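Asks: Same order as they appear, the protein sequences are chains G and Y. The first sequence begins at 1 in the working numbering and counts up by one. The second sequence begins at 182 in the working numbering and counts up by one.
Hints are computed from structural coordinates only; laboratory data are not their basis. For clarity, every value in this text was computed on a predicted model and none was experimentally measured. There's no promise every hint is true.
[Unchecked claim] Anything over 10 Å on all C-beta distances counts as not near chain Y; from chain G, calculated: (1) Lys18; (2) Lys27; (3) Gln49; (4) Phe57; (5) Lys60; (6) Arg85; (7) Gln133; (8) Glu149; (9) Leu154; (10) Asn155; (11) Asn157; (12) Asn160; (13) Leu176; (14) Ser177.
[Unchecked claim] For lysine-lysine, the following BS3-like pairs were computed, each having C-alpha atoms within a straight-line distance of at most 27 Å: (15) Y:Lys281 with G:Lys9; (16) G:Lys18 with Y:Lys281; (17) G:Lys61 with Y:Lys281; (18) Y:Lys196 with G:Lys79; (19) G:Lys18 with G:Lys60; (20) G:Lys41 with G:Lys132; (21) G:Lys61 with G:Lys88; (22) G:Lys79 with Y:Lys201.
Don't be surprised by glycine CBs; every beta carbon is placed ideally from N, CA and C.
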Amino acid sequence: MNNINQLVKDFQNGDQKKFDEIVLLNKDWMIDMIYNMTYNKQDSEDISQDVFVNLFFSIKKFKGNSSFRTWVYRIVINKVNDYYRKLKIRNFFNFELSEIDESKIYKDNEDAIFLNFDKQLMFRSIVSLKGKQRTVLLLRIYQSHSFKEISKLLNINENNAKVMFFQAKKTLINKLSKHGK
Amino acid sequence: MENKEYLDKIHSKIKIVKIKKIFSTSIPIISLFVISFFLFDDKINEDLLFDNYYDSFSVYEWELNQELSDIEVYDYLIETTCIENYDTIESEQLLEWIEKLNLGDKNG
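Construct all of the structure, not just a fragment, from the sequences and the given hints.
Replies: Written out as structure tokens, the structure reads:
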């Protein structure tokens, strides 16, 4: 982490070459994280590139109050939200959504219920959730974050995160049940 | 995806964003410039020489006449210029001045 902080500092001071190193150091975990929320390899690579573009222009705003990774995490969440917003419009008009790959999910027994549903249907249902509910759900189920971590990432309190998660889960199960198993 | 290819894609996206930013800042400036140019471009609305022609060409007939007597010129001036009391001017010198102004110096 010290290395990344130094790279960021150098880049902030005008050393443009350090940007590539920052990208290469963070690319893998970022693509992995986005993939776990989008289930599509191509889309996750595209989104990660957009995150780095965003980072290129806004890295001067990074003051070092939180870790660099936490700061980037927020940009990633925003970009994934944008992605879902676009999908929501497609979904609303019943357009085809991008084909999803296999997803590695449901570490928690409590959420194993989702395993019974068709992955494409599950994806459609997640797309149709409300913005913050969807983010909490994705971070909780697919990223295995604690509510405390989620609350920090989204700047909400822990109880709010819990409420949003349970609402999202309830809505999701309702939507999935309507379409049958 | 290869690292190089991945980095290249990011850099090309960065270039596109930079170009977009330049356009988004320059277009309002250019449009502001164009608008202000048209707003502050005062036209001379009352150009007597070119705008206030008489409708009838007959008014200008005297100009086509090669040999005009002084009286004809004075009559024309009285009839068409704003100096209404032209024929009441008594000062010889002033009349001479007016004649020079309107007809040029006959001696050169």
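Asks: Now, for every hint given, state plainly whether the structure supports it.
Replies: Verification of the supplied hints:
no.: 1; hint: Lys18; in the structure: holds (13 Å)
no.: 2; hint: Lys27; in the structure: violated (7 Å)
no.: 3; hint: Gln49; in the structure: violated (5 Å)
no.: 4; hint: Phe57; in the structure: violated (7 Å)
no.: 5; hint: Lys60; in the structure: holds (15 Å)
no.: 6; hint: Arg85; in the structure: holds (19 Å)
no.: 7; hint: Gln133; in the structure: holds (30 Å)
no.: 8; hint: Glu149; in the structure: holds (28 Å)
no.: 9; hint: Leu154; in the structure: holds (26 Å)
no.: 10; hint: Asn155; in the structure: holds (26 Å)
no.: 11; hint: Asn157; in the structure: holds (35 Å)
no.: 12; hint: Asn160; in the structure: holds (34 Å)
no.: 13; hint: Leu176; in the structure: holds (33 Å)
no.: 14; hint: Ser177; in the structure: holds (39 Å)
no.: 15; hint: Y:Lys281 with G:Lys9; in the structure: violated (83 Å)
no.: 16; hint: G:Lys18 with Y:Lys281; in the structure: violated (83 Å)
no.: 17; hint: G:Lys61 with Y:Lys281; in the structure: violated (78 Å)
no.: 18; hint: Y:Lys196 with G:Lys79; in the structure: holds (19 Å)
no.: 19; hint: G:Lys18 with G:Lys60; in the structure: holds (14 Å)
no.: 20; hint: G:Lys41 with G:Lys132; in the structure: holds (23 Å)
no.: 21; hint: G:Lys61 with G:Lys88; in the structure: violated (31 Å)
no.: 22; hint: G:Lys79 with Y:Lys201; in the structure: holds (19 Å)
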